[in-house]
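Engineer: The primary structure of each chain is shown beneath.
Protein chains: 2
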Amino acid sequence: MTHHNHLVIMAGGIGTRFWPLSVEERPKQFLDITGCGRTMLQLTLDRFEGIVPMQNVWVVTLAQYADLVREQLPELPEQNLLLEPCGRNTAPCICYVSWKIKKRDPRANIVVTPSDHKVERPEAFREAIEDALEFAAETDAMVTLGMKATRPETGYGYIKADLSFASSRRKTIYRVDGFKEKPTLERAQEYYAQNSYFWNSGLFVWNVSTIVNAFRVYQPEMSRLFERLLSVYDTPEERTCIEDVYPQCEKISVDYAIMEKAEEIFVRPSDFGWSDLGTWNSLREQLPRDERGNACVGEVALFDTHNCIVHASGERKVVVQGLDGYVVCEKDGVLLICKLSEEQRIKLFH
Amino acid sequence: MTHHNHLVIMAGGIGTRFWPLSVEERPKQFLDITGCGRTMLQLTLDRFEGIVPMQNVWVVTLAQYADLVREQLPELPEQNLLLEPCGRNTAPCICYVSWKIKKRDPRANIVVTPSDHKVERPEAFREAIEDALEFAAETDAMVTLGMKATRPETGYGYIKADLSFASSRRKTIYRVDGFKEKPTLERAQEYYAQNSYFWNSGLFVWNVSTIVNAFRVYQPEMSRLFERLLSVYDTPEERTCIEDVYPQCEKISVDYAIMEKAEEIFVRPSDFGWSDLGTWNSLREQLPRDERGNACVGEVALFDTHNCIVHASGERKVVVQGLDGYVVCEKDGVLLICKLSEEQRIKLFH
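One line per chain: the protein sequences are A and B, in this order.
Letter by letter, the first sequence follows residues 1 to 350 of this note's numbering.
Letter by letter, the second sequence follows residues 1 to 350 of this note's numbering.
Keep in mind the hints are simulated off the structure, nothing from the lab.
Please note: incorrect hints may appear among the correct ones.
Heads up, the list lumps identical chains together, so a pair's fine if it works in one copy or across two of them.
[Said to hold, decoys possible] DSBU-like, lysine-lysine: derived pairs with alpha carbons at most 30 Å apart: (1) K339 with K160; (2) K347 with K317; (3) K317 with K251; (4) K317 with K339; (5) K251 with K103; (6) K148 with K317; (7) K103 with K317.
Build out the structure end to end from the sequences listed, making use of the hints.
Structural biologist: Laid out in structure tokens, this is it:
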């Protein structure tokens, strides 16, 4: 651990794919979705223990979630909690925090992470992150963590690595050939058959100069908006200025705004049991399952039931007979029963 | 209406086939199971308005349900509420109330009814009841109401009528040839193909002398237990004496104890849309259904769902996608999902 290591946790998502478990008032990152006793946000921070000192941990979230973050991460310094007045996707979020970090620590090396993903093997995770951090400290590279594909998944974007072009400094890090959108099943099978395609995890590593310069080059307008505020960061005016500036930003992901345009993009192939837990079925696969493929959280009794995920709130007993391949979730006055194969329709149900 | 007409409502059942909607603390007769705003017990009493004066209405129930009865039937005279210290099936219940009625009104004509059945056509019901009451007043007959079978149902017992032997007094009332247990499907189809088999509704009509004499003849021990208490009925000692006597009674139904043994048994064929609502599927069939065969009570949204019954408590919103032929019921901290074809197993689930 060096005291220039910084962590940016992006916690502004309002995803309601896990409705009714996750609702806009308390989205997935603020939930103990696996029933382990820690929320996804807390688990995200836990993974960086010993890598990033607490005073270098930053959380960017929507203003409406400020109290949830304070409650779940009481050790987070208040001045490291950045509040977005409105959602503008990941590029403005990273631009803002990068300028703030630059002001505080111009030699910062930064890991940017989503706050609602799952990692099964923390030791492998730690190794990959430290590797990428050291590499980013020594170079102007922007490093993505590429997940070894374990199936022809159509729900993720892919990173194509040029495996013939390992970095001269790190044999574990390769040049990126290109980013690929979520593929069709056929295309996903092609990717999966090759060893040069990796899932795009949304985990990025770079030093602060590199990312700030990339914004200056590829998003000059956005960059100016936040650079101009350098003198007000960490002053009482910051909040008002951000409330003024933020809505002017384009709604754009860092992938589109920077990664697909920049030159010095690298990938660190990794295999630490990652999942974005983006669907009920992926949650089912990530949770401990019984011999019939069922994953249960809460007080649940199953009869003749296969391949289901049943998520019960603490107060309620759930009895299920004769279901195959369903999600059953009940929380806060709502009960959902839906085929896992139709779960993309859940957003239409509420 | 004559002032000798009496009504006995048997409300001591603890059936939990509708678990978790119905639980032992509040079984089906005390629930508004169809969502109409009246409980099954209240609906049972409603059907006799204008036939039986309120002072002649008797309710026999388990002591633990006394307050539920008082709450739901506030107009019931307190001295007409008979409390069983323990469940002993229907014969002791009818024996007890018959002796009580005999003491109060030796010319009583009595209808005995379950408290948790459904009647769709109250006018046809009323006609059948009045017919049977007049017949019972004039004869020593014990009359059962036989329901015209509308399908080869295996869940009911059957009454075989001798249609060549109509009563000389009433052309609508026939001698009973025999009682049949719940049949196999094959047997039920045979019954259904003939017009002399009727569903046994558990509705009985007789005059008080007839039933008391039948108990004397066919259940002399049981009869003695309650006859001996004639002097204590409607005195402060009644409760203690009944608590002493009741547990000594055999657990036996009036069908076994009396009907299958007695000679003068008649059946009044009737067709008033009767159902014992004994299963979730029968409840589904009795409730208003959408064009896909779904019956819903509460705030329910259905997608691609057929032939289900979804019963939601008032506070909870239920969303169901992709089910066919299931019961979904949530109440008081329990959620049940079960195939209707497997609903006989529900009693094993709680």
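Engineer: For each hint, tell me whether it holds in the structure or not.
Structural biologist: Quick rundown of the hints versus the structure:
1. K339 with K160: neither (33 Å within a copy, 47 Å between copies)
2. K347 with K317: For K347 and K317, both the intra-copy (25 Å) and inter-copy (15 Å) Cα distances are at most 30 Å.
3. K317 with K251: Neither: 42 Å inside a chain and 34 Å across chains, both beyond 30 Å.
4. K317 with K339: both (21 Å within a copy, 18 Å between copies)
5. K251 with K103: within (24 Å within a copy, 86 Å between copies)
6. K148 with K317: Neither way: K148 and K317 sit 39 Å apart in one copy and 41 Å across, limit 30 Å.
7. K103 with K317: For K103 and K317, the Cα distance exceeds 30 Å both inside one copy (52 Å) and across copies (50 Å).
Of the numbered hints given earlier, the model fails hints 1, 3, 6 and 7; all others are met.
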